[in-house]
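Visitor: Below are the chains, spelled out letter by letter.
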Amino acid sequence: MPFSSLKNGEFIGRQDELSALYKRVLMAEWGQAQSVVLFGHRGIGKSELLKQLFGHLFWKQDRVAPFSYTVNPALLSVAAFSKTYLIGFLCQRLAFLKKEQALLYQDGISIDGLSLLIEESEAGWAKEILDQYIQCAGDPLDSLRIALAAPHRSSLSTGMPVAVLLDDFHWIKGLRIDGVPDARLASLFQEAITHKKTPHIISGNAPELQEMPVVSGLERILVPPLGPEGASARASALLSAYEATGTVPPLLLRHLGGNPFYLGCVVAKACSKSNPDEKDFWNAYIQEIMEGQLVLSWSTVLKGFFPDLGMRRVALAIAYKIHHTAEPLSCQRIAKSFALTDDRAHDVAYNLYLAGIIRGELGVFRAEEDRVLRDVIDCLYLREVLTKSTHELTEYFLAALVPQKGHVARYDMALPMVKEAELIAAQGLEQIGKNLNLNPETIGQLQIAVIEACINAIEYSRGRGDNIYVSVIVDEDQLEVSVESAGPEFIIRETGEPFRDQEAAKGPGRGWGIKLMKRFVDEIEFEKTALGTKIVLIKKIEKSTGRKKESAISHE
Amino acid sequence: MSNFSLSSRSSGDIAVMMPKGYINDIAAECLEQENEQFLGHGMKKLVVNFSDVKFINTIGLSVFLGMMQKTLENNSILCFTNMKKDHQAIFEIAGLIKHVKVFKDEKDAFIYLDGRP
Numbered sequence: 001m002p003f004s005s006l007k008n009g010e011f012i013g014r015q016d017e018l019s020a021l022y023k024r025v026l027m028a029e030w031g032q033a034q035s036v037v038l039f040g041h042r043g044i045g046k047s048e049l050l051k052q053l054f055g056h057l058f059w060k061q062d063r064v065a066p067f068s069y070t071v072n073p074a075l076l077s078v079a080a081f082s083k084t085y086l087i088g089f090l091c092q093r094l095a096f097l098k099k100e101q102a103l104l105y106q107d108g109i110s111i112d113g114l115s116l117l118i119e120e121s122e123a124g125w126a127k128e129i130l131d132q133y134i135q136c137a138g139d140p141l142d143s144l145r146i147a148l149a150a151p152h153r154s155s156l157s158t159g160m161p162v163a164v165l166l167d168d169f170h171w172i173k174g175l176r177i178d179g180v181p182d183a184r185l186a187s188l189f190q191e192a193i194t195h196k197k198t199p200h201i202i203s204g205n206a207p208e209l210q211e212m213p214v215v216s217g218l219e220r221i222l223v224p225p226l227g228p229e230g231a232s233a234r235a236s237a238l239l240s241a242y243e244a245t246g247t248v249p250p251l252l253l254r255h256l257g258g259n260p261f262y263l264g265c266v267v268a269k270a271c272s273k274s275n276p277d278e279k280d281f282w283n284a285y286i287q288e289i290m291e292g293q294l295v296l297s298w299s300t301v302l303k304g305f306f307p308d309l310g311m312r313r314v315a316l317a318i319a320y321k322i323h324h325t326a327e328p329l330s331c332q333r334i335a336k337s338f339a340l341t342d343d344r345a346h347d348v349a350y351n352l353y354l355a356g357i358i359r360g361e362l363g364v365f366r367a368e369e370d371r372v373l374r375d376v377i378d379c380l381y382l383r384e385v386l387t388k389s390t391h392e393l394t395e396y397f398l399a400a401l402v403p404q405k406g407h408v409a410r411y412d413m414a415l416p417m418v419k420e421a422e423l424i425a426a427q428g429l430e431q432i433g434k435n436l437n438l439n440p441e442t443i444g445q446l447q448i449a450v451i452e453a454c455i456n457a458i459e460y461s462r463g464r465g466d467n468i469y470v471s472v473i474v475d476e477d478q479l480e481v482s483v484e485s486a487g488p489e490f491i492i493r494e495t496g497e498p499f500r501d502q503e504a505a506k507g508p509g510r511g512w513g514i515k516l517m518k519r520f521v522d523e524i525e526f527e528k529t530a531l532g533t534k535i536v537l538i539k540k541i542e543k544s545t546g547r548k549k550e551s552a553i554s555h556e
Numbered sequence: 001m002s003n004f005s006l007s008s009r010s011s012g013d014i015a016v017m018m019p020k021g022y023i024n025d026i027a028a029e030c031l032e033q034e035n036e037q038f039l040g041h042g043m044k045k046l047v048v049n050f051s052d053v054k055f056i057n058t059i060g061l062s063v064f065l066g067m068m069q070k071t072l073e074n075n076s077i078l079c080f081t082n083m084k085k086d087h088q089a090i091f092e093i094a095g096l097i098k099h100v101k102v103f104k105d106e107k108d109a110f111i112y113l114d115g116r117p
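Protein chains in written order, with this note's numbering: chain B, 1 to 556; chain G, 1 to 117.
Please note that a few of the clues may not be correct.
Within a straight-line C-alpha distance of at most 30 Å, the following computed DSS-like cross-link-like pairs (lysine-lysine) qualify [unchecked claim]: (1) G:Lys70 <-> B:Lys434; (2) G:Lys85 <-> G:Lys54; (3) B:Lys419 <-> G:Lys20.
With the Cβ distance kept under 10 Å, some of the chain G side facing chain B (calculated, not the full set) [unchecked claim]: (4) Arg9; (5) Ser11; (6) Ile26; (7) Asn57; (8) Thr58; (9) His87; (10) Ile93.
It should be emphasised that the hints constitute simulated quantities derived from the structure, not laboratory data.
Backbone N, C-alpha and C define an ideal beta-carbon position, used for all residues, glycine too.
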């Protein structure tokens, strides 16, 4: 779709770039416009800029006809590409001629249908181009040449220059005849992009474009990240569009690096609440990098470059290392670190570079300056390679990203699996409660639950490990105690009931522990972890006085 | 040093057991044995005073179940006193509270038991 789907007022922070491109394209009227390539990180807004430019050219002037085409990786046979390119151009050109928006959406029209349309429009120049295309339909190369030259020919025939806006152009290197990709086919664009009455504005994945000879000689225009003011204004506009109040925390806004896609994902997620607060925005960000559109987008890129699962894991591990190493890494060093051949290390690193996940400079590779990307890599690596649980990832990112409040404290204990070790955890909890002046009743209930969690952990991990691990995290409004052990999962997640030993479960007293824990805490979660199993117990406390809001017993 | 101790006394035909500390499986067995001794001596009115009990875990709780069954088989009466709200909740969760008489303190339990044969 050539037009932007953004509502009026939502395209913020890019007016200067849009204005500069608009003026540049209008120079085609005097035969002085040059083709350019838009460069910028993924999600930075290149495609949106092209759509906005198309809208301006279509509605706000009548001197240069706009033609917008997004290369579709599913239509890369020369025959299919030529046909869609030519039909797209002729329809859009006629739409501009008649100022008839509906014609922009005739992409699926047949050649016969297009012929009729051209006849109705009395556009002789278009008929000539189409007739020539029909005559050469049996020769894919000739068809491609005719399609690519169509904007220029129309310009010569009508005197009306054409601005060709090409998005996702990097896919062009996959153009194929008889199923065989041939990167040289892209060079057929060479002639079309040199005409100064048909400037081509090209966009796509920057690292791949950089490696394509056909565009390497073109002027590059950098689409930079939004500045602080632009990002803030864009965030406000998005919040208004969702009819939500609130402000994206400045630290988070900086973390998003002025990337409109990242910003859009986080605001959309946070706006599942009508009045998101600071914590909601951070939680939304963490959800996005763990399971939202944001991580999905990067995962798709990674899968595209590393379809093989084994290689994807290696690629993730290398990306993780590069993003956590201050100095640039050579292929030799990568090869040594991951026990790969130099060639294999180079292939992986080069593909990571083409994917936009790392930077490649003079034979060495370093991290992209994109903190969100680094978080995504961390998340994927920790989850896919180190098999960390969702809870562990959430904890990791909360600790790493979210500004810590003054009252937050964490206590970790490793308890040997000896008789009554659970009392150590319970008594530690009691002391923590005293130190922080928490309600003894709240602590007492949590102690009962923790004792049960420890007993379960000890019982089910016997013979599998030496210790159980208890962590107490004191937040402003809750106490969270996690008990992790090497034991297998002993509950059915859906029901929260024990399942390991059905016969034993029927015996007296079995299953009471889970019920008891549920009774004495506000939330309970069971997780499969890299170590084994983790029980997370959460008990709410009041912010101001550190006292629990209501006794769990009083609910009954 | 153990986290559990048990003291007991009898007053007329009423036996009082006073567990102290953490009631787990071992402690509950200790309590069960004491209970059986009282039953063996023909005591049919039994009181467990929970005032010094700090924690009860569910393994200890399961031993209580056996203790209650034996008391019922002997046509005896088992009373619990001085229970904290949370301890009472633990017995409720296990469905054991219906098998015993719960009183605020020993005095109330004695008043109830004095009127019984």
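Visitor: It remains to establish, for every hint, whether it holds in the given structure.
Guide: Evaluation of the provided hints:
| no. | hint | in the structure |
| --- | --- | --- |
| 1 | G:Lys70 <-> B:Lys434 | 41 Å, violated |
| 2 | G:Lys85 <-> G:Lys54 | 12 Å, holds |
| 3 | B:Lys419 <-> G:Lys20 | 18 Å, holds |
| 4 | Arg9 | 27 Å, violated |
| 5 | Ser11 | 31 Å, violated |
| 6 | Ile26 | 8 Å, holds |
| 7 | Asn57 | 5 Å, holds |
| 8 | Thr58 | 4 Å, holds |
| 9 | His87 | 9 Å, holds |
| 10 | Ile93 | 5 Å, holds |
The structure fails to meet hints 1, 4, 5 from the earlier list, while all remaining hints are met.
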